[in-house]
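Engineer: Chain residues, written in single-letter form:
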Amino acid sequence: MATQPIETLEAGTWRRERTAGGARHRRVLAQLPTYLILLLLSLLFLFPWLFMFASSLKPSGRVLADVGSALAFWPTPFRPENYQDVFARVPLERYLLNSFFVTTATLVCGVFVNSLAAYAFAIMRFRGSDILFALFVSLLIVPFEAIFLPLFLTVNALGWLNSYQALIVPFVANVLYIFLFRQFFLGLPRDLVESARIDGASYFRIYRTIVMPLSVPIVSTVAILEFLARWNDFFWPLITITDDDKYTAQLGLAFLFGGERTQWGIVMAGTVVISLPLLVVFLLFQRFFVQSVATTGMKN
Amino acid sequence: MAAPTIARGERARAGAGGRRGSLRGQEDLAGWLFVLPATVLLGAFLVWPTVRSFWLSFTDYRVLAPDDARFIGVANYRDLLGDSNFWQAVRNTAYFAVVVVPVQTAAALGLALLLNQKIPLRSFFRTVFFSPVVLSMVVVAVLWSYFYNPSQGMFNEILENLGLPRQRFLTSDTQAMPAIMVMSVWQGVGFQMVIYLAGLQAIPQYLYEAAAVDGANAWQRFVGITIPQLRRTTFFIVVVSTILALKLFTQVFVMTKGGPFGSTRTIIYMLWEEGLNFRNTGYSSAMAVLFFLLVLAITLIQRRFVPQDED
Numbered sequence: 001m002a003t004q005p006i007e008t009l010e011a012g013t014w015r016r017e018r019t020a021g022g023a024r025h026r027r028v029l030a031q032l033p034t035y036l037i038l039l040l041l042s043l044l045f046l047f048p049w050l051f052m053f054a055s056s057l058k059p060s061g062r063v064l065a066d067v068g069s070a071l072a073f074w075p076t077p078f079r080p081e082n083y084q085d086v087f088a089r090v091p092l093e094r095y096l097l098n099s100f101f102v103t104t105a106t107l108v109c110g111v112f113v114n115s116l117a118a119y120a121f122a123i124m125r126f127r128g129s130d131i132l133f134a135l136f137v138s139l140l141i142v143p144f145e146a147i148f149l150p151l152f153l154t155v156n157a158l159g160w161l162n163s164y165q166a167l168i169v170p171f172v173a174n175v176l177y178i179f180l181f182r183q184f185f186l187g188l189p190r191d192l193v194e195s196a197r198i199d200g201a202s203y204f205r206i207y208r209t210i211v212m213p214l215s216v217p218i219v220s221t222v223a224i225l226e227f228l229a230r231w232n233d234f235f236w237p238l239i240t241i242t243d244d245d246k247y248t249a250q251l252g253l254a255f256l257f258g259g260e261r262t263q264w265g266i267v268m269a270g271t272v273v274i275s276l277p278l279l280v281v282f283l284l285f286q287r288f289f290v291q292s293v294a295t296t297g298m299k300n
Numbered sequence: 001m002a003a004p005t006i007a008r009g010e011r012a013r014a015g016a017g018g019r020r021g022s023l024r025g026q027e028d029l030a031g032w033l034f035v036l037p038a039t040v041l042l043g044a045f046l047v048w049p050t051v052r053s054f055w056l057s058f059t060d061y062r063v064l065a066p067d068d069a070r071f072i073g074v075a076n077y078r079d080l081l082g083d084s085n086f087w088q089a090v091r092n093t094a095y096f097a098v099v100v101v102p103v104q105t106a107a108a109l110g111l112a113l114l115l116n117q118k119i120p121l122r123s124f125f126r127t128v129f130f131s132p133v134v135l136s137m138v139v140v141a142v143l144w145s146y147f148y149n150p151s152q153g154m155f156n157e158i159l160e161n162l163g164l165p166r167q168r169f170l171t172s173d174t175q176a177m178p179a180i181m182v183m184s185v186w187q188g189v190g191f192q193m194v195i196y197l198a199g200l201q202a203i204p205q206y207l208y209e210a211a212a213v214d215g216a217n218a219w220q221r222f223v224g225i226t227i228p229q230l231r232r233t234t235f236f237i238v239v240v241s242t243i244l245a246l247k248l249f250t251q252v253f254v255m256t257k258g259g260p261f262g263s264t265r266t267i268i269y270m271l272w273e274e275g276l277n278f279r280n281t282g283y284s285s286a287m288a289v290l291f292f293l294l295v296l297a298i299t300l301i302q303r304r305f306v307p308q309d310e311d
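Order-wise, the sequence lines are chains E and Y.
Residue 256 in the working numbering sits at position 256 of the first sequence, with consecutive numbering throughout.
Residue 65 in the working numbering sits at position 65 of the second sequence, with consecutive numbering throughout.
Hint data in this document are derived by calculation from the structure and do not stem from the laboratory.
Each residue gets a CB set at the ideal place from its N, CA and C atoms; glycine is no exception.
A few of these clues could be false.
One side only, chain E facing chain Y, incomplete, derived with CB under 7 Å [claimed, not checked]:
no.: 1; residue: P48
no.: 2; residue: L50
no.: 3; residue: V113
no.: 4; residue: L149
no.: 5; residue: P170
no.: 6; residue: S195
no.: 7; residue: L253
Same shape as in the complex, but just chain E (with noise of 0.2 Å):
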């Protein structure tokens, strides 16, 4: 049942309402097993939200008196303290804003580099042009994992170390951002490059007034999965970032988690706070957000 491909419901449906007068009824009535599993489901997949913002509102010794029953669930006795506590044992808003300045600057600086090389690759024709795309191409496979320590060594040569630099700079060109948009490009109408240019537009020009207008889906998915990766990353931060000051909220909520394992409802209004911004950019852009996860599959 919970397998079926969608024109077998259809095709029943569609049966039965030639036979009976009831059909919606009926056809609710068959849905029924099918909305049972999502439902139960939804809980499966909810419940460590629903823990998470409930948590954050009680103190911390009901939070785990709470764990056995329904209760865990439900802010009682109600207690936002927590969120002021929080702020007051570490400084959250330096790390936010940390976080914020890192992830929109290599989102900005990212969207331009990345764009205008794309754009290059699939406008215009300059010498090269194949052998450096197919050198791009094949970077594709480099794992960071596998890289991380030489960067470190560099950024470490640059004097980088505790800086913003070292958590923006070697994120701005990235590989496959390049190929999506390189892709989208091609996709667009070639008469309007073409005309402009014979208009006599330079290059530049049409990339600004022309192309770049026209690449808004583009922009957003590179900006959405840009924006996913630099404000959750938390590998790169650990390694380069020892200073308090420079913290991300990510690297600041393992410690605080490291430090205070007994605090859950401290430790949980940190969790929401640093997880709101995500949820709130997923919950307005969920069109995009789909769709780009849907896109970096498709292209592959």
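Use these hints to put chain Y onto chain E, whose structure you have.
Structural biologist: This is chain Y only, laid out in the frame that chain E set:
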């Protein structure tokens, strides 16, 4: 793919008539100018570290005494292959990948099939299943550490309420890795589900209609149409999730620090430990190179098997 671009360039050039040569030069210059920032950045932060990683793996480089580094041939590789900790890390990583990849892929396909029906609230359910992907692994690991807590955790309370024996979860060397697996599947399955949904929607409906006319039942259509049509999608999902699984790190770092008794120490965790904690760069680089070759091998295998019918 390149053909229409060439034609386009040629036409623009032909239109320009006598100034063909200078235009060509202009386009070369502008093109290189546009790819310059990306090329420089990729060169410095991707190509150079990759090359250096290979080089370092043949030296006894240490972060604290970089000038003393000597070329020592394959000594790092020899030591690595004789290091029981390394083999344990390889086994642990393989264990994680071998369980998580099929389970997650099957679960993702199941969820996608459930949601590929015309039912009310479809997008609500999709949002719910996808939502853990938005959470960072650190947050997920912190949350689940609480659920897994042996003395006061939620799962043990539930087990006790059901009259079942309490478990040690992350503090047991046999249960820690499975506990991390369950959590990882929960966090990542929505990602694959969305890719499968896109794949399912690309299957032409007439295939099903034709099969229905021929009297194929639901299962026959699933096996005969859905599965083969999703071949490309499945290969992509399997390869990407295999590579992701091989990179297992954050969960281990936050929840178990590789323990108990090294039962959750993975290749990347050991890489991090050796390279930055113990400052043994050369040795760690040898591990990185082996890891790179592993990922390369998986990618090449994918190339062989995926039909290149599009693109």
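Engineer: For every hint, state whether the structure bears it out.
Structural biologist: Structure-based check of all given hints:
1. Against a cut-off of 7 Å between C-beta atoms, the interface hint on P48 (chain E) holds, since the closest Cβ of chain Y lies about 5 Å away.
2. The interface hint given for L50 (chain E) is violated, since its Cβ lies 11 Å from the closest Cβ of chain Y, which is over the 7 Å cut-off.
3. For the restraint placing V113 (chain E) at the interface with chain Y, the shortest Cβ-Cβ distance is roughly 5 Å, inside the 7 Å limit, so the hint holds.
4. The closest approach between the C-beta of L149 (chain E) and any C-beta of chain Y is roughly 5 Å, which is under the 7 Å cut-off, so the hint is satisfied.
5. Because the beta carbon of P170 (chain E) sits about 4 Å from the nearest beta carbon in chain Y, less than 7 Å, this interface hint is met.
6. The restraint placing S195 (chain E) at the interface with chain Y is violated, with a minimum CB-CB distance near 11 Å, outside the 7 Å limit.
7. For L253 (chain E), the suggested interface contact is upheld, since its CB lies about 6 Å from the closest CB of chain Y, less than 7 Å.
Figure legend: structure checked against the earlier numbered hints; hints not met, in rising order: 2, 6.
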